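Chemist: Positions 163 to 386 (this note's numbering) are the ones given, in order, by the sequence shown.
What the hints contain is simulated information worked out from the structure, not anything from laboratory work. Just to be clear, a hint being listed does not mean it is correct.
Calculated cross-link-like contacts (lysine-lysine; reagent style DSS-like; alpha-carbon spacing at most 25 angstroms) [to be verified]:
hint	residue 1	residue 2
1	Lys-332	Lys-185
2	Lys-379	Lys-205
3	Lys-263	Lys-165
4	Lys-364	Lys-273
5	Lys-263	Lys-185
6	Lys-291	Lys-263
7	Lys-263	Lys-298
8	Lys-379	Lys-332
9	Lys-174	Lys-379
10	Lys-291	Lys-364
Computed spacing ranges between beta-carbons, pair by pair [stated by the list, open to error]:
hint	residue 1	residue 2	range
11	Gln-198	Arg-378	14 to 22 angstroms
12	Asp-197	Ala-276	25 to 33 angstroms
13	Ala-367	Pro-218	41 to 49 angstroms
14	Ala-367	Asn-246	46 to 54 angstroms
15	Val-357	Gly-331	32 to 40 angstroms
16	Leu-192	Gly-331	22 to 30 angstroms
Since this is a predicted model, take the numbers as computed values, not measurements. All residues carry an ideal CB built from backbone N, CA and C; glycine is no exception.
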Amino acid sequence: MYKVMIIEDDLKIRQIVSDTLKKWQYDVVLVDEFDQVLTEFVKADPHIVVLDINLPVFDGYYWCQRIRAVSKVPIIFLSSRNQNMDFIMAINMGGDDFIQKPFDLDILVAKINALIRRKYTYQDNDNDKYYYRGLKLHVANSSIEYNERTTELTRNEFILLQYMMRNIGKIVSREDLMQALWNEEQFVDDNTLTVNVNRTRKKIALLGLEEFIITRKGMGYLIE
């Protein structure tokens, strides 16, 4: 589960944002001590930061610089300021995006999801490796690796996991997965698909990574 730190002194806004992100299965950290933002950041070690500009003690620009000195974590500025210079300063200080208040929660969530995917997902240019949330899928030998532990996948498990890791953040239907296996000249019925997904999920969990593949009832599977 990805962790979002919200640095916002407007109690109503930060509660609404927090509740929304929790519905999206994010772990949320709220900053209360606005003179200790960096200390709380280091302690929480979030995957992404939502940062207001107008804050007590020091403004968001200051804290963005302090965070950038110790981390490359994605930072989204959230502010009522609407001048071009505010946007320019936010980006120049190390911000990755800028959203003006009042804002649409769906847009904020979409931007957070996009930054998470770009920061924590990659595929090697030689198509030899997929990487997400610390899990590596090695194409060359059909194995997965997490926290320096490795296990091999069967042919079906590999095909299924590779297909889902090509579609991070998207719900993959059971029909699509069965078609992926069909294209590999290996027919699989609905029950066999369930068995293979569960085995893949179990192998990942045994390496120490829980809830990597999520079931969306009546829709398919999702790697968030």
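Chemist: None of the hints should be skipped; say for each whether it holds.
Modeler: Here is how each hint holds up against the structure:
Between Lys-332 and Lys-185 the alpha-carbon distance is near 16 angstroms, which keeps this suggested pair within the 25 angstroms criterion. Restraint check for Lys-379 and Lys-205: not satisfied, since their Cα atoms lie roughly 36 angstroms apart, outside the 25 angstroms limit. The hinted pair formed by Lys-263 and Lys-165 meets the criterion: a straight-line CA distance of about 23 angstroms does not exceed 25 angstroms. Between the alpha carbons of Lys-364 and Lys-273 the distance comes to roughly 31 angstroms, so the proposed pair goes past 25 angstroms and is violated.
Straight-line distance between C-alpha atoms of Lys-263 and Lys-185 comes to about 21 angstroms, which keeps the hinted pair within the 25 angstroms bound. Taken as a hint, the Lys-291 and Lys-263 pair is broken in the structure, with Cα atoms around 40 angstroms apart against an allowance of 25 angstroms. Among the hinted pairs, Lys-263 with Lys-298 is inconsistent with the structure: their alpha-carbon atoms are about 38 angstroms apart, more than 25 angstroms. Of the pairs offered as hints, the one joining Lys-379 and Lys-332 holds, with about 14 angstroms between alpha carbons and a cut-off of 25 angstroms not exceeded.
About 33 angstroms separates the Cα atoms of Lys-174 and Lys-379, which puts this hinted pair outside 25 angstroms; it is violated. This hinted pair checks out: Lys-291 and Lys-364 have alpha carbons roughly 21 angstroms apart, not beyond 25 angstroms. For Gln-198 and Arg-378, the hinted distance range of 14 to 22 angstroms is not satisfied, since their beta carbons lie about 39 angstroms from each other. For the hinted restraint 25 to 33 angstroms between Asp-197 and Ala-276, the CB-CB distance of approximately 32 angstroms keeps it satisfied.
Against the hinted window of 41 to 49 angstroms, the Cβ-Cβ separation of Ala-367 and Pro-218 comes to about 43 angstroms, which satisfies the hint. Separated by about 49 angstroms at the C-beta atoms, Ala-367 and Asn-246 satisfy the suggested range of 46 to 54 angstroms. A hinted range of 32 to 40 angstroms for the beta carbons of Val-357 and Gly-331 is inconsistent with their spacing of about 25 angstroms. Look at Leu-192 against Gly-331: about 25 angstroms separates their beta carbons, and that is inside 22 to 30 angstroms.
In summary, the numbered hints that this structure violates are 2, 4, 6, 7, 9, 11 and 15.
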